[in-house]
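Visitor: Quick mapping for you: the protein sequence lines, in order, are chains A and B.
Quick note on numbering: this note's numbering labels position 129 of the first sequence as 129, and the sequence is numbered without any gaps.
Quick note, this note's numbering runs 1000 ahead of the 1-based positions in the second sequence.
If you are wondering where the hints come from, they were derived from the structure by calculation, not from laboratory data.
Cβ atoms here follow ideal geometry from the backbone N, Cα and C, with glycine treated the same way.
A hint or two may mislead.
Unchecked claim - In silico lysine-lysine, DSS-like type, Cα no more than 27 Å apart, as pairs: (1) A:K411 to B:K1298; (2) A:K408 to B:K1298; (3) A:K156 to B:K1061; (4) A:K297 to A:K340.
To be verified - Chain A side only, calculated, beta carbon under 8 Å to chain B, not exhaustive: (5) E86; (6) Q203; (7) A272.
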Amino acid sequence: MAGKKQSAHTAQGISRRETLKLLGGTAAGLAGILQARQAPAQAKPVTLRYWTWQNSADTKNPRAVAQAQNLAAFRKANPGIELVEEVIPWQNLHQQVLQAAAANRAPDVSRQLDRYILTLAEAGAIQPLDPFTKGWNAARKNDYLYAWDDTTVGDKKFAFRQAVRPLNVMYYRTDLYEAAGFKTPPKTLKEFTAVSKATTKGQVVGFLMPFSKSDGMSKFIQQCPPMYWVLGSDLVDPKTGKSTFHQEAGQKIFQWLQDMVYVHKVSPIGQASMDSETCNQMFMAGTAACNFDHSSKWAEWSRKEAIQGKIDTAWTPNFADEPKPVPVSTAGAWTLAMPKGAKAEEAWKLMEFLQSNEAEVTDARVGGELPTRKSTLKDPFFQTPEAKRMVGWLNYMAENPHPATSLKIKKLEALVDAMADAAQQIIASKADVKSTLAAAAQKYDVQLG
Amino acid sequence: MGQTGALGATPGTHLTTGPRPRTQLFPVCLMLPAVGLVLLVTFFPIVQSVSLSFRETSYLKAGGYIGLRHYRSFFTDALSALNLRNSFVFTFGSLALSLPMALGLALLLNRPFPGRTFFRTMLILPWVVSQLLTALLWRWLDSPLLGPLAYVLGALTDSRVDILGDPSTAMGGVIVANVWRTFPYAMILILAALQTIPYDLYEAARIDGAGRWNVFRYVTFPMIQNTFLIATIILSIHYFNMIELPLVLTGGGPVNRTELLGLRVYREAFVLFKFGFGAAVAMIMFVINIAVSLAYIKILRAESRY
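Based on the sequences and whatever the hints tell you, model everything.
Guide: Encoded structure:
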């Protein structure tokens, strides 16, 4: 029978019902195959590239440990996103993003120093974040401890700070200061000069300021604005953008820096081509009695075995020689920016997470970074003795505010280049301060066009 | 049947006569991908740079054609003369130290003595170290307040010695660091050449009554001079184009005394984002490199005896 039926099929062909069944089965099979192919594609996580200068594997650096914890928390909360951390030297991050954006190979999120946001925005390497913040109410926008405008270009928001930090912190070696007979840190320029002279002995220098171009003279460019401010001046005119760093205030500052080398015999000539890292190493090694840097360094340095209990912080002395606190300098903090061509939705998720209260508390507790949001300060951590110094810094910032004017300087790289040339001539070649600064100012102004 | 040579041709016959064998296309085809890759990664960027050097640029965006403006700016800028001078001082200063050092040590290492292999290995080590590490190492050694070198020199002279910070000594400090890292390269090349000299030549020279100096002058040096010149060409180009070492050691300072042309290109293009001007300076460097290489090759051809 079966054989008969089979032969009938062969002879008469396939019935309509059977044809439909066959087509239906084939379609179902194909759909199944396609679904099976699509299923893993949907499950495959979206890769998100994050550029940072901190290596999360660096377990000795508190800020790197905090970053590792935050990125791990983000990965856990977002299993659909494969977060890839790519480490770039901090001095080159802005250059690398600029080049990568031009080659359409930019990361999705990048840490950037706030002072390069203007350059990157003008170059079109980073994108505005306003589409993501348009739904925010005033309370959310006002939740920041820094001015909203600090990271805007024109009227567009291009970045968010990852931490706030006072830059004008003076770290000093208590062991060297006490050995020289000073129990309290200096408050005025006169006092600072005296303590610097007293601590300069043998292989130890009381004060030095590095001026190498290799890291964009970063220490000086972060430290100098309050020096100008207390003298009633600034690096550039905020209205015209033309240089003012060469005027009377600048002459006083650079004359003092030169005198510290040639008159007071405190600073070495070598600071002219020295970079910030060498300066920091000298402070660690005890061959520099003080070191100017930002607040976040405290967590790292105060835990170093070699200098534990031998360092303390104060505010940079008042250049106007008045014993009152100088206005705080906040330009020089790390921000989060979204480069051109980023996977915007996922990138924003990471940016939002990294400025969440949860992440900011980790950054503060583990990494010693000050939070950017007022709401983060409600966390009980900020009531603990461990956070006392941080709260003190935040109070100082609130009591002595000043706009971060250097963030609005056009062609900042050209300004730094011109000032570094001038500083090196003044320090290493003992050049005339007034004419050298005037030449540097002219060089910068010409480039402004 | 006569004997055939290595290429299958009968001795005395011209290989080029007769119809060209079709199989010659095969090696050409094999080479094409490599040639294409070289053209892509070498010539394309050069063409791009040439184009960029004649254009106005805004960050990485190339604008309109501006002719020779960037080149004119370079040649009228006072800093350019210093950059050129620095580059030549650095290149020839480094050559003046590294080549005699490499030759002397190669001659020493060519003689049999106990521990020769150990010393050969030790002397080659600096070449293995990257430029960045070399710079960091020498920055520490020369550091006025941390470095052992500065400490010893300071103790000897009873003053604070600041090699890299003093405009008059900074270039010397950078040259010494560079020589330390690069002399092994020339040393290895010369040592290899020395080992190819037949011993008979030395014996013949000695039988003729030649002293050590004359053996070196008339036997050793003529036999290694081609290698010596090749080492000179390669090191010259390497030195002339150097960026990392002075960048990390001094950042080009103090007072631009160690800013070489390569470092200027880097600064203009990647720090100040003046890519058009940077490309123009890079083109000038390219021309100088070609000119120096051609001069060396001319000397090599004129002097070549073996």
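Visitor: If a hint holds in the structure, say so; if it doesn't, say that too.
Guide: Tested hints:
Distance hint between K411 (chain A) and K1298 (chain B) is unfulfilled; the C-alpha atoms sit about 46 Å from each other, more than 27 Å. Pair hint K408 (chain A) plus K1298 (chain B) does not hold up; C-alpha atoms about 55 Å apart against a cutoff of 27 Å. A C-alpha spacing of about 22 Å is found between K156 (chain A) and K1061 (chain B), which places the hinted pair at or below 27 Å, so the restraint holds. With a CA separation close to 31 Å, the supplied pair K297 (chain A) and K340 (chain A) exceeds the 27 Å bound.
The interface hint given for E86 (chain A) is violated, since its Cβ lies 19 Å from the closest Cβ of chain B, which is over the 8 Å cut-off. Residue-level restraint check for Q203 (chain A) holds (minimum Cβ-Cβ distance to chain B is 6 Å; threshold 8 Å). Taking 8 Å as the C-beta cut-off, the interface hint given for A272 (chain A) holds, the closest approach to chain B being about 4 Å.
When each numbered hint is compared with the structure, violations occur for hints 1, 2, 4 and 5.
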